[in-house]
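Number of protein chains: 2
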Amino acid sequence: MAAKRENGRKNDPQRTQEDILDVATEEFATHGLAGGRVDAIAEKTRTSKRMIYYYFGSKEGLYLAVLERSYRKIRTLEADLELANLPPEEALRTLISTTFDHDEANPEFVRLVSIENIHHAAHMLRSEAIRDLNVSVIEMIEAIIRRGVAEGTFLRDADPVDIHMLISAFCFFRVSNRYTFGTIFRRDLSAPEFYDRHKKLISDAVISYLTAPEPDR
Amino acid sequence: MAAKRENGRKNDPQRTQEDILDVATEEFATHGLAGGRVDAIAEKTRTSKRMIYYYFGSKEGLYLAVLERSYRKIRTLEADLELANLPPEEALRTLISTTFDHDEANPEFVRLVSIENIHHAAHMLRSEAIRDLNVSVIEMIEAIIRRGVAEGTFLRDADPVDIHMLISAFCFFRVSNRYTFGTIFRRDLSAPEFYDRHKKLISDAVISYLTAPEPDR
DNA sequence: CAAAATGTACGAACTAGTGAGTATGTCAAG
DNA sequence: CTTGACATACTCACTAGTTCGTACATTTTG
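So the sequence lines, in the order shown, correspond to chains H and R. Under the working numbering, the letters of the first sequence match residues 1 to 217, in that order. Under the working numbering, the letters of the second sequence match residues 1 to 217, in that order.
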């Protein structure tokens, strides 16, 4: 065993882990947790399978790490939105636009969340990091609604979580159900023509919901 | 016939297949396609694994059969809605209520669709039965909008597929993302208190979208 | 040198799928 | 109404291949 270090290896644990996580994100997002193959991940990595187990312990451990990292990424996005100075309607449109663009730009995140739901969010529940995500969106929406109601623009004092759900559902569904919906209605939801139109649709829907008078039924 | 014997075997192909499909639906909806185990299905069945292959050829064949059967079930539901006599708004509320209730009552269907989306709707595309689903909802929505616009109740001439998407997204998301959304926002979306409230929310949102004047921006 | 990081080769368990033979029901002919 | 031929329905045991995970050796780094 001539110990030649022709291509002498460099130890770079940081990069190794990032590399594994990148590849694993793609693999799990494409095939699911059960469908994702550890060997397949290892091969696409610049390192070996041994390192996956060295750093993440198990397949599930790796999956959880992938999930946590994905969630951590969004948290930052929401954080630096300056909405307090905008008029309520505009603030809301900006917020919706951000959610919309995020889901549009991160289909692998959307897929991971779908997969996690199939597993009843079991891994998420075990992860403090994700469980304790402080969700600033809700506070933002709450503030916007309060301002809107105060100044008389909004006529409905809606629940902010409900409003967030209305927004999220549409933005998420557009990406998560792109394929089945697209197949049935013969419509390619990733086509650029729908981008502006759908963003306007959900924005207008939310705004008109809030500005419409509460029907007495 | 009438050959009834104590513990002798009874040939009942119809029942055998139904039995397999019932169990497989549950298994795939719970664990996904890759995660679902043929052996597990076989065990919960009153028949054997050999019969699964006898009737469905392969694991994928079984999955496809499950998917087709699930889709076939809904098709009927939509069909017998009598909306033509109702005023537009009420017709729309009835339609939304139906979609809402369907997703609420069939979480395993919602899950199967989610799973199918992870697979890019690959199986669906291969199934004529599903691909050729004639979607009457769209025509219904189209008719309602047309009537509403004609009589001046609705001020927007919206695309019916877009409207259906807005409705579907919310109803679907409520069920499909029940677990992750519920975990993050500490809210049990299957709790009865949300049932009426959410149904009213999506209905009001759609109605107010259609009745609100098109903003000029 | 010790500790951390990495590569190789292997194995135990699992899993989709099958080979080969058995039971059941139908029906036509004797 | 009995017999036997035949197609469909079914059972049991087995296998080839995959997949997660690990034992062991080796290299890098401080």
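Derived by calculation from the structure, the hints in this document are not laboratory data. Please read all numbers here as calculations on a predicted model, not as lab measurements. Be aware that a few hints might be false.
Because identical chains share one entry, a pair is satisfied inside a single copy or across any pair of copies.
With a straight-line Cα cutoff of 30 Å, these simulated BS3-like cross-link-like pairs (lysine-lysine) come out [claimed, not checked]: (1) Lys49 to Lys199; (2) Lys73 to Lys49; (3) Lys59 to Lys199; (4) Lys59 to Lys49; (5) Lys200 to Lys73; (6) Lys44 to Lys59; (7) Lys199 to Lys44; (8) Lys59 to Lys200; (9) Lys200 to Lys49; (10) Lys44 to Lys200.
Results for each hint:
For the identical chains of this complex, Lys49 and Lys199 are neighbours neither inside a copy (42 Å) nor across copies (49 Å), given an alpha-carbon limit of 30 Å. For the homomeric pair Lys73 and Lys49, the shortest alpha-carbon distance inside one copy (26 Å) is at most 30 Å, but the shortest distance between copies (44 Å) is not. Taking identical chains as interchangeable, the C-alpha atoms of Lys59 and Lys199 are never at most 30 Å apart, the minima being 37 Å within one chain and 40 Å between chains. Taking identical chains as interchangeable, the C-alpha atoms of Lys59 and Lys49 lie at most 30 Å apart whether they share a chain (11 Å) or sit on different chains (28 Å).
Within a single copy, Lys200 and Lys73 get their C-alpha atoms as close as 25 Å, which meets the 30 Å cut-off; across copies the closest is 33 Å, which misses it. In this assembly of identical chains, Lys44 and Lys59 lie within 30 Å of each other by CA distance both inside one copy and across copies; the values are 16 Å within and 27 Å between. Taking the closest pair of Cα atoms, Lys199 and Lys44 never come within 30 Å of each other, the shortest separation being 36 Å inside a single copy and 46 Å across copies. Taking the shortest alpha-carbon separations for Lys59 and Lys200, neither the intra-copy value of 41 Å nor the inter-copy value of 43 Å comes in at or below 30 Å.
Taking the shortest Cα distances, Lys200 and Lys49 never come within 30 Å of each other, neither inside one copy (46 Å) nor across copies (51 Å). Within a single copy, Lys44 and Lys200 get their C-alpha atoms no closer than 40 Å, and across copies no closer than 49 Å, so neither meets the 30 Å cut-off.
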